[in-house]
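Peer 1: For reference, the chains in residue letters:
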Amino acid sequence: MSFLIADHVSKFFPGHAGGEDVCIFKDLTLKVDKGEFVTVIGHSGCGKSTLLNIIAGLETLSEGGVILNGREVSGPGLDRMVVFQNFALMPWMTVFENIALAVRSAYPDWEQAQVVAHVHKYIGLVGLKGAEDKRPIALSGGMKQRVGLARAFSIEPKVLLLDEPFAQIDALTRGVIQEELVQMWNATRNTVFMVTHDVDEAILLSDRIMLMTNGPSSRIAEIVEVTIPRPRSRDSVIEHPHYYKIRNHVIHFLVRHASHGAAAEGSILGGPSGTVPLVVRF
Amino acid sequence: MKTHENGSPWIISVFILVIFLGGWHLLTLRPSFHAKGKTDEQLQMMEFNGDIVRAGAEGYIWNPEKMNGVPGPLAVVEKARTELSEAFVIKGTNDHGIAYLVLYTVSRFAGGFLAASVVAIIFGVLLGLNRVLFRAVNPFIQVLKPISPLAWMPLLLYTVKDPKWTAVLVVFMAAVWPTLATTAFGVSSLKKEYLHVAAILQLSWFKRLYRVILPGAAPTIVNGLRIAFGSALVAVVPAEMLLGELGVGYLSWIEWNNLDIAGVIFAILVVGVVGVILDSGFNKLASLVTYQE
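Just so you know, the protein sequences line up as chains X and E, in that order.
Under numbering that gives the first Met the number 0, the first residue of the first sequence is numbered 0, with each subsequent residue one higher.
Under numbering that gives the first Met the number 0, the first residue of the second sequence is numbered 0, with each subsequent residue one higher.
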């Protein structure tokens, strides 16, 4: 049994002015194994962030359930930490305090010295030594998200949920932090569920990439297995013969098929919402 | 734009002050009395009325004891000098030195303002966290907010039957609404992500309040407090006048009753100075709790 399962999850938003409810997705099922890095990729508005928020417990689901390590979870919890697109650091706290708040919550029995050591360890891991006493206002976007990652890793959650974590960071810095994330993930082998619309990011980081059709009533149409061996780095992955095959496949999907997934009968897609997604492997 | 950066503002300030004081002095200057062209009968009548007094042999001058027109700056300085030299003297039940009057006003103000702030922040947070409650209570706040705090005074005086507490309650009434409204707004418009982080980290209700909600809403709450502070400061002076409670507001009124206009002007200046001191203290406190995003 998979470690994290979103089991036949549906989400409806109430329609405008008493109109019919809008279906974001229906009967969506996805499974993530322990230690796996899974990415959902799709256009803006396809409901991928809603899916992530449902797994995080920050948003309610209309039908179905989320099962983590064999137990159904409801509501947010320390076992599913989110790295937010807009960082969500408390601007009135320093870098140290932001992470310490999380560490103290996760390990309420720890001594002060233990908390301090733990926080410093993760600040060092993301290369922010010396910035402990700075407030978020004094940090660049990249440094802010490093704090966000350090905070998330520091509480050692069962699942890390990354919600377009690098979307607000400039392209050059983004590459650097992606590589840092690869290294942190290699060290910890956390279970990670990420949503993004950056194809290169998805290939660099993921074991599997789930391709989501556009909403409303979006679904996971395909699952692409990233067969490029680890450890990966930005300049080594692009040398791999599968890299452009995977990249082209994902981009073709996003450009050609994502918007009319339901209409494209008999194509590589097909079948209504809720059917088993096609597994693609190069 | 560069020209605007040059020059010292305080030179201009001093210039404005000199112009103002000079103008005030000249406008309130009286020419000395000339008896020329007046009959003895007229002069006797004026002396009888107390307008003029005899000075030296057969000469008259304006009676310095009789008030006439607005006093000049020198008269106010003289008045300030005597008042300040007797700052800590208590001459009678209604004649306390200026230091005591300032103390009374400041403590009255501080009591009402602090009580109002505590009450307003507590209820503001509750309203800010509960959208339905906020919308249910908001019409009442909107009706109560624009009522002048002085309008409450007769009712408060009738209810508590004590002018001391009535004055504090008038300040309370002036200060409670702006803080309540802005606190509720600040808490309800707190960024969702902060609450999401708090929820994921499973912070207790209390920890969520004082580690996330209050600091997050602090800049907005401080803005509300600043408005409340100003309106409370404006309310305390007429409250003292109307209730006859000793304080700097009352000083202005009692000097008017004494027909001592220089005293009235001195009282006005004291009110201004007290306001500036309280305000700068408030700003120091405010800078401790606000943050930049």
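Do not rely on the hints blindly, as some may be mistaken.
Here are some chain X residues pointing at chain E (derived, C-beta under 7 Å) [claimed, not checked]: (1) Pro90; (2) Trp91; (3) Phe95; (4) Ser104; (5) Pro107; (6) Pro215; (7) Ile222.
If you're looking for bench data, these hints aren't it; they were derived computationally from the structure.
Beta carbons are placed, not taken as given, at the ideal position from N, Cα and C, and that holds for glycine.
Peer 1: Which earlier hints turn out false for this structure, listed by number in ascending order?
Peer 2: Hints 3, 5, 6 and 7 contradicted; others consistent.
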